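Participant: Chain by chain, the residues:
There are 4 protein chains.
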Amino acid sequence: MIREGDFVLLVSPEGKEFMIQVQKGKVFGTHRGNIDVGSLIGREFGCSVLSSKGEVFFALKPTIYDFVKRVKRKTQIIYPKDAGYIVLRLGITSGCRVIECGTGSGSLTTVLAFAAHPFGRVYSYDMRSEFIELAKENLKRTGFDLPVTFKVKRGEEGFDERDVDAVFIDVKTPETLLDSVWQSLKPGHPVGFLLPTANQVSSLLKALERGFCVSEVCEILLRRYKINPDRLRPDDIMNAHTGYLVFARKVER
Amino acid sequence: MIREGDFVLLVSPEGKEFMIQVQKGKVFGTHRGNIDVGSLIGREFGCSVLSSKGEVFFALKPTIYDFVKRVKRKTQIIYPKDAGYIVLRLGITSGCRVIECGTGSGSLTTVLAFAAHPFGRVYSYDMRSEFIELAKENLKRTGFDLPVTFKVKRGEEGFDERDVDAVFIDVKTPETLLDSVWQSLKPGHPVGFLLPTANQVSSLLKALERGFCVSEVCEILLRRYKINPDRLRPDDIMNAHTGYLVFARKVER
Amino acid sequence: MIREGDFVLLVSPEGKEFMIQVQKGKVFGTHRGNIDVGSLIGREFGCSVLSSKGEVFFALKPTIYDFVKRVKRKTQIIYPKDAGYIVLRLGITSGCRVIECGTGSGSLTTVLAFAAHPFGRVYSYDMRSEFIELAKENLKRTGFDLPVTFKVKRGEEGFDERDVDAVFIDVKTPETLLDSVWQSLKPGHPVGFLLPTANQVSSLLKALERGFCVSEVCEILLRRYKINPDRLRPDDIMNAHTGYLVFARKVER
Amino acid sequence: MIREGDFVLLVSPEGKEFMIQVQKGKVFGTHRGNIDVGSLIGREFGCSVLSSKGEVFFALKPTIYDFVKRVKRKTQIIYPKDAGYIVLRLGITSGCRVIECGTGSGSLTTVLAFAAHPFGRVYSYDMRSEFIELAKENLKRTGFDLPVTFKVKRGEEGFDERDVDAVFIDVKTPETLLDSVWQSLKPGHPVGFLLPTANQVSSLLKALERGFCVSEVCEILLRRYKINPDRLRPDDIMNAHTGYLVFARKVER
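Residue numbers (my numbering), protein chains in the order written: chain A, 1 to 253; chain B, 1 to 253; chain C, 1 to 253; chain D, 1 to 253.
Watch out, some of these pointers could steer you wrong.
[Unchecked claim] To be clear about the criterion: a stretch of chain D counts as covered by chain B if any three or more of its residues have a C-beta under 8 Å from a C-beta of chain B, and this derived list gives those stretches:
#1 81 to 88
#2 120 to 130
[To be verified] Result set (DSS-like, lysine-lysine): computed pairs, CA atoms no more than 25 Å apart in a straight line:
#3 A:Lys206 x D:Lys172
#4 A:Lys72 x A:Lys53
#5 B:Lys226 x C:Lys151
#6 A:Lys16 x B:Lys186
#7 A:Lys186 x A:Lys172
[Said to hold, decoys possible] Examples of chain D residues lying across from chain B (beta carbon under 7 Å, computed):
#8 Arg43
#9 Lys172
#10 Arg231
#11 Leu232
#12 Pro234
Hints listed in this document are in silico derivations from the structure and should not be mistaken for laboratory results. None of these values were measured; they are calculated from a predicted model. Backbone N, C-alpha and C fix where the C-beta goes; we use that ideal spot for every residue, glycine too.
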C-alpha cells in the first residue's frame with residue numbers, strides 16, 4: 001500500500017517516468033495534465049490514476065535501479081549497467097565489508113550497501129565533504145537503512161580498515177592509492193576501478209604489476225530498444241561510454 | 001586461509017584462470033607444469049605457488065562471478081553482465097522473495113539467491129528435473145548456503161507463492177506465463193525476461209499490454225580489452241549476443 | 001587553389017567544422033568571431049585564416065563524405081558508415097549500372113554515382129517528386145558531374161532498366177518490389193536493402209526465399225573518440241541505430 | 001554467362017559460401033557432396049547446380065567485397081567495413097591519385113584501386129617485397145585491371161609522388177611518416193590511418209599537431225544477424241576489433 005512519504009514512479013501513457021514523493025495535497029504537473037499525488041495514499045502500487053486531462057498514469061514501485069539512475073549529482077555517476085557487474089565481480093553479498101574511494105554522488109555507494117546489507121558495511125571515502133553530504137542525501141531517499149560509514153579523507157593517507165572483502169576505486173589517479181588498497185584488502189581478494197580514459201587504464205595496469213594480479217579490463221554497453229512490438233528497433237542514440245572497468249586481486253608482493 | 005575443500009582460482013603467468021577445489025595430494029596439470037594443489041592448504045589466498053616447471057601461479061579467492069561464469073551447463077546460461085543488471089532492475093536485496101521460471105543450469109538462480117540472502121528466498125521453477133539437479137549442484141559449489149526452493153512444475157499451472165517482490169522468466173514462450181506472473185507478483189512490482197530473438201520480444205511486448213507496464217527493452221554488451229598497458233586494445237572477438245532483456249511491472253488489469 | 005563557388009570546410013580552433021560556399025564579400029559568423037570568406041579566393045586549401053577575434057581557422061578541402069553527411073534532408077539519410085559498405089557489397093565501380101529505389105534526400109544516390117562514374121549510371125526512383133528535386137540539389141552541391149537519372153515512379157510498377165549490375169532498395173515495404181528487382185537485375189548479382197525495424201527484416205527475409213539467395217543481415221556501428229591524445233576516450237553518446245542492412249543475390253526461381 | 005577462369009561464389013543449402021575458379025573437369029568437394037565445377041561453363045550466374053548428394057547449390061557472381069574478404073593473407077587485413085568508410089572519408093573516385101603505405105596483403109589496395117579506376121592510380125608502398133608479391137596476386141584474382149603501382153620502399157625515405165589527392169597509412173609507427181605524407185599530399189586534402197592500439201592513437205594524435213588538422217578518431221563495428229526470419233537474432237560472436245581509424249588533413253605548418 002502506498003503511504004505518505006513513499007516514492008512512487010509515475011508513468012505517463014507514452015511511458016515517461018517521474019519519481020515522486022507522495023504527500024497530502026501535492027499536485028504534480030505534467031504535459032498530460034496534473035496528477036493529484038495525495039490521492040495515491042492508501043491505494044496499491046500498480047494502480048492507475050487519472051490526470052486533470054483524463055489521461056491514465058500508473059503509480060509503480062521504484063526499485064534500487066530507479067533511485068540510482070536518479071541520484072542528485074554533482075559528478076559523473078556510476079550507472080546501473082556498470083554497478084551490477086561490479087557487485088558480482090567483487091562478490092558483494094550480505095556480510096561483506098567493502099571500501100569505496102571516490103564517493104562522488106553516491107550512486108555506487110548505494111548499490112554496494114544494498115548488496116552488503118544487512119550484515120555487511122561500506123566504508124566510503126571522499127576528500128570533498130560536500131559530496132559526502134550529497135551521497136548521504138541520495139542514500140536516505142532510497143528508504144533503505146543502508147550500512148554505510150562515510151569518511152572525509154584522502155585515500156593516499158591510507159584507509160582505516162583492515163582485511164576488507166573488496167575495494168572499489170573511482171578517482172582520477174588510482175595508481176597513487178594502490179599501497180593503501182593493498183594494506184586494507186584481504187589477500188587474494190578483488191579490487192575494481194572505473195576510469196574514463198584509455199591513458200588512465202594504461203597507467204593503472206603498469207602500477208598494478210606490483211602486488212596485484214589483473215583479471216579483466218572491459219567496458220559495458222547498454223543498448224535500449226523502442227517499446228513497440230510492431231516496429232522493434234534500437235533507440236536512435238545511446239550512451240557510448242561511461243568508463244573502462246579494471247578488476248584485479250591482491251597477491252604477494 | 002585456504003582450507004581443504006575450498007575453491008581457489010589458480011592464475012597462470014599469462015593470466016589463464018583455472019578454478020580448482022583444494023584437496024590433499026591433488027596435482028593439477030597445466031601447459032606450464034604441474035601444480036601441487038594440496039600444498040596450498042594452510043596458506044593465504046593471494047599466495048604464489050611454483051609449478052613443476054618453475055612457473056609462478058597465484059592462488060586467488062573466487063567470487064560469485066567466477067562460480068557463475070563456470071557453472072556446469074546443459075543450457076545457455078545467463079551471464080554476469082546480464083545478471084548484475086537484472087538484480088538492480090528487479091531490486092533484489094536481502095529479504096526479497098523472488099520467483100524464477102526456467103532454472104536451466106542455475107546461473108541466475110545463484111545470483112538472485114546471493115542478492116536475496118540471508119533473509120530472502122528464491123523459488124526456482126523448471127519442468128525438467130535434471131536441470132534442477134544440475135542447478136543444485138552448481139549452487140552447492142559456491143560454498144554459500146543460499147536460500148533457494150526448487151520446484152519441478154510448469155509455470156503455466158501457476159506459481160505456488162503470492163505477493164513476491166519480483167519475478168524473472170527465462171523460457172521460450174513467456175507470453176503463456178503472464179497470468180501466472182500476474183497472480184503471484186505484488187502490484188506495481190517488477191518482472192524481467194530474457195529472450196534470444198527479436199521475434200520473441202515482439203510477441204512478448206504484445207502480450208504484456210494487458211496487466212503490465214513495460215519499462216525497458218535492452219541488450220547489454222561486454223567488451224574486453226587485452227591486459228597490456230603498452231598495447232591497449234579490445235579483444236579480437238567478443239560475445240555479440242546473449243539475449244534481449246525486457247522489464248515490466250504489474251499494473252491493474 | 002580555392003576559387004569562387006568552391007565549398008570549403010572551415011574548421012574552428014576546437015575542431016568544429018562548417019561547410020561554406022566561397023563568395024566575394026561573404027562574411028561567415030561563428031562563436032569565435034567572423035570569417036572573411038571572400039579572402040580565401042586564390043589561396044590554397046589547407047591555409048589558415050584569422051577570425052575577427054584573432055582565432056585561427058583552417059580552410060580544408062571537403063570530400064564526398066562531408067557532402068553526404070551534410071545533405072539537406074527531408075528524410076532519414078543513409079550515413080557514410082553504411083554507404084561505404086553498401087558500395088563494396090554491391091561491387092559498384094566505374095561502369096556499373098545501378099538501380100536505387102527510395103531516393104529520399106539523395107545521400108546514397110550521391111555515393112553510388114560517385115562510385116560508378118564516369119562510365120556507369122545510377123537510376124534513382126522515388127514516387128515523391130519533391131524528394132527528387134532535393135536529391136538533385138544535393139547532388140549538384142558536390143561539384144561532381146555525377147551520372148544519375150531520376151525517375152518519379154513507384155517501384156511496384158517495375159523499373160525501366162534491364163540487366164543492371166546491382167540494386168539498392170530503401171523503402172518501407174521492400175517485399176512488394178521483389179518482382180521488379182528480379183526482372184531488372186542480372187542473374188547472380190546483388191541487391192541490398194536498408195530497414196529500420198527488426199519486423200521489416202523478418203518480413204523481407206521471408207519474401208526473399210523465392211528468387212533470391214540471402215548473403216548477410218547486419219548492422220554497422222560507428223563509435224567516435226574525443227580527439228585528445230592525453231585523455232583518449234569514446235564520445236559520451238553515439239548514433240545507436242540507422243538501420244539493418246540486408247544483402248541478397250538474384251537466383252533462378 | 002559463366003566462362004572458364006571466372007570466379008563464382010558457390011552457396012550451399014545452409015548458406016555456406018565457397019569462392020571457386022571455374023575450370024573444365026574440376027570437381028569441388030563439400031560436406032554436402034561434390035560439385036562438378038566445369039558444368040557451370042556456359043550457364044548464367046545465379047543458376048543452381050546439384051551436388052553428388054542431390055543438394056542444391058547456387059553459383060553467384062562475386063563482388064569486390066567477396067574478393068577482399070578472401071585475400072590470401074600473411075598479415076592482418078583491412079576489412080570491408082573499414083575499407084568502405086575509408087574510401088568515402090578520403091573521397092576516392094575515378095581519377096584520384098592515392099598513396100598507400102603498408103601494402104600488407106593488399107586488401108585495401110584493391111578497394112582503393114577499385115574506387116579510383118579507370119582514371120586514377122594507387123601508389124602502394126611496402127618495404128617487404130614478399131607482401132607486394134602477395135598483393136599483386138590478390139589484385140589479379142579480382143579479374144579487374146586495377147591501376148596500382150607497387151613500390152618496395154620505406155615510407156620514411158619519402159614517397160616519389162607529389163600533389164596526391166589522398167594518403168592512407170597502415171604501419172606500426174605512422175608518426176615517423178608524417179613528414180613524407182605532408183610533402184606528397186595536396187594542401188587541405190585528407191590522410192587516413194589504421195591503428196590497432198589506443199597507445200598508438202595517442203602517439204599519432206600528438207605528432208599530427210604539427211601540419212595536420214584531425215577530423216575524426218573512430219572505430220567501426222559490424223554485427224551480423226542469423227538469417228532466420230522466425231528467429232531473428234545477432235550472431236553469437238563477432239569481430240570486436242580491427243583497428244582505430246584516424247582521419248586528418250594537411251594544413252599549413
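Participant: A separate judgement is required for each hint: does it hold in the structure or not?
Facilitator: Verification of the hints:
1. 81 to 88: Coverage by chain B is violated for the stretch 81 to 88 of chain D (0 residues, Cβ < 8 Å).
2. 120 to 130: violated (count 0)
3. A:Lys206 x D:Lys172: Measuring from Cα to Cα gives roughly 22 Å; hence the hint holds.
4. A:Lys72 x A:Lys53: Since the Cα atoms of lysine 72 of chain A and lysine 53 of chain A sit roughly 30 Å apart, the hinted pair is violated (cutoff 25 Å).
5. B:Lys226 x C:Lys151: 52 Å, violated
6. A:Lys16 x B:Lys186: Holds, at roughly 22 Å.
7. A:Lys186 x A:Lys172: Roughly 24 Å between the alpha carbons, so the hint for lysine 186 of chain A and lysine 172 of chain A holds.
8. Arg43: 37 Å, violated
9. Lys172: 11 Å, violated
10. Arg231: 5 Å, holds
11. Leu232: This interface hint holds because 4 Å falls under the 7 Å limit.
12. Pro234: 4 Å, holds
Hint compliance for this structure: hints 1, 2, 4, 5, 8, 9 are broken, all remaining hints hold.
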